[in-house]
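Chains as they are written, first to last, in our numbering: chain A, 1 to 348; chain B, 1 to 348.
Hint data in this document are derived by calculation from the structure and do not stem from the laboratory.
Quick reminder that beta carbons are idealized off the backbone N, C-alpha and C, glycines included.
Treat the hints with caution; some may be incorrect.
Here's a subset of chain B near chain A, in silico, CB distances under 8 Å, partners left out [to be verified]:
id, residue
1, Ala93
2, Phe98
3, Tyr275
4, Pro279
5, Gly281
6, Asn288
7, Leu291
8, Gly293
9, Gly294
10, Val295
Number of protein chains: 2
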Amino acid sequence: MRATVLTAPGRVGLEQRPDPVVLEPTDAVVEVVAAAVCGSDLWWFRGDNAFDEPRRMGHEFVGRIVSVGSSVRLAPGDFVLSAFKFGDNTCPACRDGFTSNCAHGGYWGAVDGEGRELDGGQGERVRVPLADGTLVRVGATVTEELLPHLLALTDVMATGVHAARCAGVVPGADAVVIGDGAVGLMSVLSAARKGASRIILMGRHTARTDLGVEFGATDVVAERGDEGIARVRELTGGDGTHVVLEAVGHLPAYEQALGVVRDGGTISRVGVPQYTDGPVGRTLFIRNVTLTGGVAPVRSYIDELLPDVLSGAVDPGRVFDREMALDDIAEAYRAMDAREALKVLIRP
Amino acid sequence: MRATVLTAPGRVGLEQRPDPVVLEPTDAVVEVVAAAVCGSDLWWFRGDNAFDEPRRMGHEFVGRIVSVGSSVRLAPGDFVLSAFKFGDNTCPACRDGFTSNCAHGGYWGAVDGEGRELDGGQGERVRVPLADGTLVRVGATVTEELLPHLLALTDVMATGVHAARCAGVVPGADAVVIGDGAVGLMSVLSAARKGASRIILMGRHTARTDLGVEFGATDVVAERGDEGIARVRELTGGDGTHVVLEAVGHLPAYEQALGVVRDGGTISRVGVPQYTDGPVGRTLFIRNVTLTGGVAPVRSYIDELLPDVLSGAVDPGRVFDREMALDDIAEAYRAMDAREALKVLIRP
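Please put together the full structure from these sequences, using the hints given.
Shown next as structure tokens:
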């Protein structure tokens, strides 16, 4: 089968790989119907994350089960969503609601506990470990119109929900969202769904911030850094907001979050930090600022979000502004890296 | 009057200062009945906090009002508790419950908005700015027995409550408390009051950890660093605890907290960080660990805690294991610095 492989920074393309087969009783093999390119894929593509070996890419996919191991309750033919990390959904961390920290889980495209290469989502098929814990059956007719919304649940929508939930957004809350990428826009949507009355979106790309306004942003601040902080403070009577959802991951974005959060407020991060050390001492402490967020436990949220997607109550798939064939995967990365595309839906 | 002044690291003693008088309509002057030496005073005493000018010391005191400004509702003769920072208790941060981040507040012993030196609590009298926001009338007969418990409310008990509240301790929760100083012991007491069913106290001083056990600790771990982390993991089936209350402030204590917190858990800091930068990127993010806590908003908690102190339901004053005269203030600092005393009650 064809599968996306990143061989070096900036060099991504298709390679032939063996068709996956069931190796464990808990495995399923899924035929990918649609996959996505994620902002976090670009960290690898740009060389910001170091790697020695060629990497299988993609962690957002939906598709149809073609075969299952002997202990799997899902069945061939089921149309399923995958969480962006696999896991058993039964271990203590999973039961706590942190399926992204499953004791037996891991990342697509890495290696499993036996040292076997795992498929990525940007390919024709995927062997899914711990299938009953990882996949969710859609249980409805999957129309073309529905497809992008389902795909958004596999990562970005759930990640936005995680940002808002960790931050404790309540009706009437005020929030800043840093970042106008797909996760930033989903953070806006999630804060709005939780009843935030003011949502200030910090981003410079008008097409994206316009979509953010449709998702519920009440203000847009295009400035960055000190200038952006000053603008947010001006908009909030000098105090900043109780909640900041940080959906970028660079150190300057975290520093910007520190600049716009109100004393006693909460910074919730869902952009993967591209830094190790940073301001964590009195900067947070003296101001009673809480720092929360992390890798979104997608599987924990899908059951709650899926009905709203199926009913049309929420339309997260609007973040997909381009669709390409799997054969054009290199172009998909290029377009997203160049910020010509917000998020690309890939058809194998 | 006599007032405690720190002139250089390790050099603390009494000096004569003018008797304070009411300078603003919102001021009160309090005659100190009892004051305390705080673990955080020792940061200055040891030279860990740099300072150029002699510093007036002490931020924990109770006493009797001797005079008030024209707009103060409290009255001469009232026996009052003071919060360890002064503030108006009416600004937006105060209304959010963060009186320690009052827009018009500040620290004892520093300078006020007009550049005037502020008294510290370790002296005979204190000019209290924003008296109605800062002081709480006890409204009961203050017996000798009651005195240390009231004094504990001015900082350490409220700080323990802040640790437990920020961490979201719920009935049945499991917690690690790092530090067997007064704040660590108050964190144990506060976690127990919130119904934590397991409280692992990390500390090496048997007399202190014994008191911790009386306050509700279920386990004591004397080991530190990697050895201490391994011991806590062993006690918790390998996972660590959902909640960690960090009551020390050194970077190694924060690193220890990272080592014993469970994935998806919360570290709540109430030890003043003695570091600026530290692990704040993926260390927290990948594990979905929340970092919270800060300077305790004592004033926000006193109303809730005072009735339980007056009724005897809670006895935080047990952390005072020594009592000395104000004239012996240098000996009080020495004894606490040498860890001969846990916490000293000072009588002017």
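Results of checking the hints against the structure:
no.: 1; hint: Ala93; in the structure: holds (5 Å)
no.: 2; hint: Phe98; in the structure: holds (4 Å)
no.: 3; hint: Tyr275; in the structure: holds (4 Å)
no.: 4; hint: Pro279; in the structure: holds (6 Å)
no.: 5; hint: Gly281; in the structure: holds (4 Å)
no.: 6; hint: Asn288; in the structure: holds (3 Å)
no.: 7; hint: Leu291; in the structure: holds (4 Å)
no.: 8; hint: Gly293; in the structure: holds (7 Å)
no.: 9; hint: Gly294; in the structure: holds (3 Å)
no.: 10; hint: Val295; in the structure: holds (6 Å)
Going down the numbered hints, you'll see the structure goes against none, and every one checks out.
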